[in-house]
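So the chains spell out like this:
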Amino acid sequence: MSIIEDKLNTLGLELGPAKSSVANYLGCKRAGHLLFVAGRVSELRGEVGTDVTEEAAKTARDTVLAILSIIKKEINDLDLISGVVKIQGFIRSSPDFNNHPNVLDGASDLLVELLGDNGRHARTATGVNQLPFGATLQLDIIMQLK
Amino acid sequence: MSIIEDKLNTLGLELGPAKSSVANYLGCKRAGHLLFVAGRVSELRGEVGTDVTEEAAKTARDTVLAILSIIKKEINDLDLISGVVKIQGFIRSSPDFNNHPNVLDGASDLLVELLGDNGRHARTATGVNQLPFGATLQLDIIMQLK
Amino acid sequence: MSIIEDKLNTLGLELGPAKSSVANYLGCKRAGHLLFVAGRVSELRGEVGTDVTEEAAKTARDTVLAILSIIKKEINDLDLISGVVKIQGFIRSSPDFNNHPNVLDGASDLLVELLGDNGRHARTATGVNQLPFGATLQLDIIMQLK
Chain X
1 MSIIEDKLNT LGLELGPAKS SVANYLGCKR AGHLLFVAGR VSELRGEVGT DVTEEAAKTA
61 RDTVLAILSI IKKEINDLDL ISGVVKIQGF IRSSPDFNNH PNVLDGASDL LVELLGDNGR
121 HARTATGVNQ LPFGATLQLD IIMQLK
Chain H
1 MSIIEDKLNT LGLELGPAKS SVANYLGCKR AGHLLFVAGR VSELRGEVGT DVTEEAAKTA
61 RDTVLAILSI IKKEINDLDL ISGVVKIQGF IRSSPDFNNH PNVLDGASDL LVELLGDNGR
121 HARTATGVNQ LPFGATLQLD IIMQLK
Chain C
1 MSIIEDKLNT LGLELGPAKS SVANYLGCKR AGHLLFVAGR VSELRGEVGT DVTEEAAKTA
61 RDTVLAILSI IKKEINDLDL ISGVVKIQGF IRSSPDFNNH PNVLDGASDL LVELLGDNGR
121 HARTATGVNQ LPFGATLQLD IIMQLK
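Protein chains in written order, with my numbering: chain X, 1 to 146; chain H, 1 to 146; chain C, 1 to 146.
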């Protein structure tokens with residue numbers, strides 16, 4: 001078992017099954033030492049600022065787990081991840097909500113818990129008026145591989 | 001003629017003229033083996049979910065052709081493309097439209113038709129409330145070069 | 001003093017202090033020769049198309065200065081930048097505003113002034129309905145390092 005999965009166990013978390021892409025694209029694609037992960041929407045539906053404000057950071061954390069499942073399926077060993085490079089987070093939110101960074105912290109905190117300093121990353125949080133399937137958020141991650 | 005252009009001919013498609021950037025930026029920029037293509041808006045105008053739902057996947061396909069024209073102008077030979085890494089698609093859509101992946105399939109399907117397995121890519125589909133010039137969609141592609 | 005800072009002086013501009021990230025993420029992260037800079041929101045608040053149309057290109061320029069401060073803090077010497085690869089600009093704008101490229105020119109023009117041909121880049125301009133803290137725009141830059 002990989003070091004990352006060991007830490008997940010310690011935290012009482014698990015990867016769960018890797019969901020397939022909803023259309024004609026890959027879960028992730030490697031280019032050199034960079035791994036570009038396809039945008040993954042949250043299981044949670046609804047708009048932050050109106051429907052689901054409290055639950056949003058939690059679903060960001062859960063979406064990271066879903067993304068790690070996909071990566072594991074593709075590269076087999078999560079310990080090949082040498083760092084988290086960048087997260088682009090799109091948050092479906094009402095026009096008067098503007099604390100998007102707080103939502104993304106759910107994702108960032110977990111990645112740092114799992115990978116330590118290598119898990120620290122650059123990040124962009126953006127509000128949008130709609131996402132695929134009415135999801136609350138979408139995470140788009142670039143990883144660095146060994 | 002390149003293999004990609006050969007396939008385009010077989011499909012009855014053509015690249016058309018490469019449009020210039022609308023402002024002070026490049027059509028694409030190479031960094032190592034990655035080619036970052038500037039976001040290209042569709043010729044089609046209007047909002048998906050209200051004005052132009054049916055035509056949206058078709059204009060995604062056409063926008064890929066426009067992007068290939070730009071790349072050809074910059075690197076001369078499309079066969080230098082060794083893979084499609086990532087597509088970020090922004091789709092101008094109404095708040096109640098949430099089938100953005102279906103729109104982007106117009107782009108993804110063509111890239112796989114033209115490049116086979118190398119054309120398969122990671123992808124993110126995002127709804128937004130407006131795009132430059134009122135365009136229906138915008139595609140932002142990262143290619144890998146030989 | 002670096003060549004870039006020299007040019008800033010000539011233009012009567014200065015970097016100013018590097019602001020810290022607002023949450024658990026880095027100001028920028030290096031991966032090989034690419035430097036991914038975290039999305040930086042403008043000091044200016046308000047929506048383009050209603051509140052702050054005239055000032056938007058100016059705040060794009062100022063945001064580039066803020067980003068250069070962050071990069072200097074991280075890599076110490078701005079002359080390690082060998083090129084600007086890509087800008088993703090998110091512009092908080094009303095549904096009827098569609099001249100996003102004009103806003104981003106404030107950023108692009110300054111980077112070309114400072115870095116010459118190496119400052120020329122690929123770019124994507126996207127309208128969104130809200131940004132962190134109600135900011136007018138957000139710039140997300142990928143640099144290439146020596």
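If you're looking for bench data, these hints aren't it; they were derived computationally from the structure.
Treat the hints with care, since some could be wrong.
The list treats identical chains as one, so a pair stands whether inside a single copy or across any two.
Said to hold, decoys possible - List time: in silico BS3-like cross-link candidates among lysine-lysine, alpha-carbon distance up to 30 Å:
| no. | residue 1 | residue 2 |
| --- | --- | --- |
| 1 | Lys58 | Lys72 |
| 2 | Lys146 | Lys73 |
| 3 | Lys19 | Lys58 |
| 4 | Lys73 | Lys19 |
| 5 | Lys7 | Lys146 |
| 6 | Lys72 | Lys19 |
List of violated hint numbers, smallest to largest
Nothing - there is no hint that the structure violates, so all of them hold.
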